[in-house]
Amino acid sequence: MTEPTQNTATETGTYRVKRGLADMLKGGVIMDVVTPEQAKIAEDAGAVAVMALERVPADIRRDGGVARMSDPAMIQGIQAAVSIPVMAKVRIGHFAEAQILTALDVDYIDESEVLTPADEAHHVDKWRFTVPFVCGATNLGEALRRISEGACMIRSKGEAGTGNIVEAVRHLRSILGDIHKLTVADSAELYGWAKELRAPVGLVQEVAETGRLPVPLFCAGGIATPADTSLVMQLGAEAVFVGSGIFKSDDPASRAKAIVEATTHYDDPAILAKVSTGLGAAMPGLEMGSLETHLADRGW
Amino acid sequence: MPPRRIGVLGLQGAAVEHRDAVERLGHVAVDVRRPAHLAGIEGLIIPGGESTTISMLLESSGLFDPVAGLFAEGMAGFGTCAGMILMSARILDGRDDQRCFGVIDLAVRRNAFGRQSESFEADLEIPALAESELGSEPFRAVFIRAPYVEAVGDDVEVLARVRGPGGDPHPVLCRSGDHLVAAFHPELTPDLRLHRLWLG
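Chains as they are written, first to last, in this note's numbering: chain A, 4 to 303; chain B, 55 to 254.
Looking at chain A on its own, in the form it has when it is part of the complex (with noise of 0.2 Å):
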């Protein structure tokens, strides 16, 4: 046998690495923890990352006030309670934060319209992170803005905190919709779309050619059953992002395994019947119009 040799150089922080962990969170579910019991929970029930964070979106809702980037403290506890990728919110535009969040060793930085918006006209540039970036988007025009930006995996923003999926749904139409579009749309044409969507026109090509965005699609904001998660898996989202929906439920362990379990399964109404018994009330949910706060429509 021949013994191989060693490699030498190493490259870090690169876009097909930052790319590479949302590729392997594929079919999971991250949950939005509060506390490192609350992540335990979540890594017992099959959670492939947890999203730590001061206050789930119902609470900020409830509470009102400026919403920002969790106490570093807390980030740490959650780090060292569970093995799988922790992940932290900043608020939009909040490079600083960011940068903090990097400190830190968090795993993926969520962008998120969830706090409150720290710059009205930009986003953070997030080509000049090695710590890989999400944002949220409710139309194809955004995700590919977030994507020009450097963010590596897009997740539909839905409405956090309601617990009502009919955002989500809108949003992930939207996008999906848009790109079939792009797909049968003439090569002339996609310079015109580039303009509507606000989008670069390379991007818009590209997604004309391949038939999906270039970087993975993920569904937030709203999920509270495992129905929701099948109802969104089979419109075409590669994984779930669940925030208030387990821990404001009546038996959150229960219905984060049945949720992990229904997105794996999200095509087998069979399966998906009987995780869906007996877990309980799901949290309380909130109508649109009864809302002060529209959260989707926080981002540029």
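No false leads were slipped in.
Beyond 12 Å from chain A on every Cβ pair, some chain B residues (computed):
| no. | residue |
| --- | --- |
| 1 | 56 |
| 2 | 82 |
| 3 | 96 |
| 4 | 126 |
Listed next, the stretches of chain B that the computed footprint assigns to chain A, with coverage defined by at least 3 CB atoms under 8 Å from CB atoms of chain A:
| no. | stretch |
| --- | --- |
| 5 | 65-75 |
| 6 | 110-122 |
| 7 | 171-178 |
Bear in mind the hints are in silico, worked out from the structure with no lab data behind them. Heads up, the beta-carbon is just placed ideally off N, CA and C, and yes, glycines get one too.
Please build the complex by placing chain B on the supplied structure of chain A, with the hints as guidance.
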């Protein structure tokens, strides 16, 4: 070579990339998420993903025992990252309840290089590729929160190593019989040589 029917475990993780690789090489890829999907497969790829999640879903889906049974009957396996962990005999730094198939005699350390900030790509020299007439150019390997091998059994051939955080070289590509395991992700680059090597 006639097309072969290759299962790709699709419970969670980067399964679609492996299915694409199998199909680009002219074989039939089967998305395996339930025991019925195992019918007629001649080999199984276990992809990268979160090994704790995949391990749990193997139990709840009822796939663990039938897959273990097929391995016992001699089915070939190709595991990448989480798949390498699941095919190995012993997991270090895993969860206490995490089970593995034990088809290749390795002790594998989970998240051995550290968090995402330590994820990296590198050119690997893999002499076994040239020996199988698959070219001598280095293989661009992408390591994502990757494991490495701490100990190998007698019947395991080490095909490539890289230095761990401590500076010591650790095996990251190993072969034993028809089984191939990689700590990195050949499914994330267009280079199909390791899939070719495994498919023979």
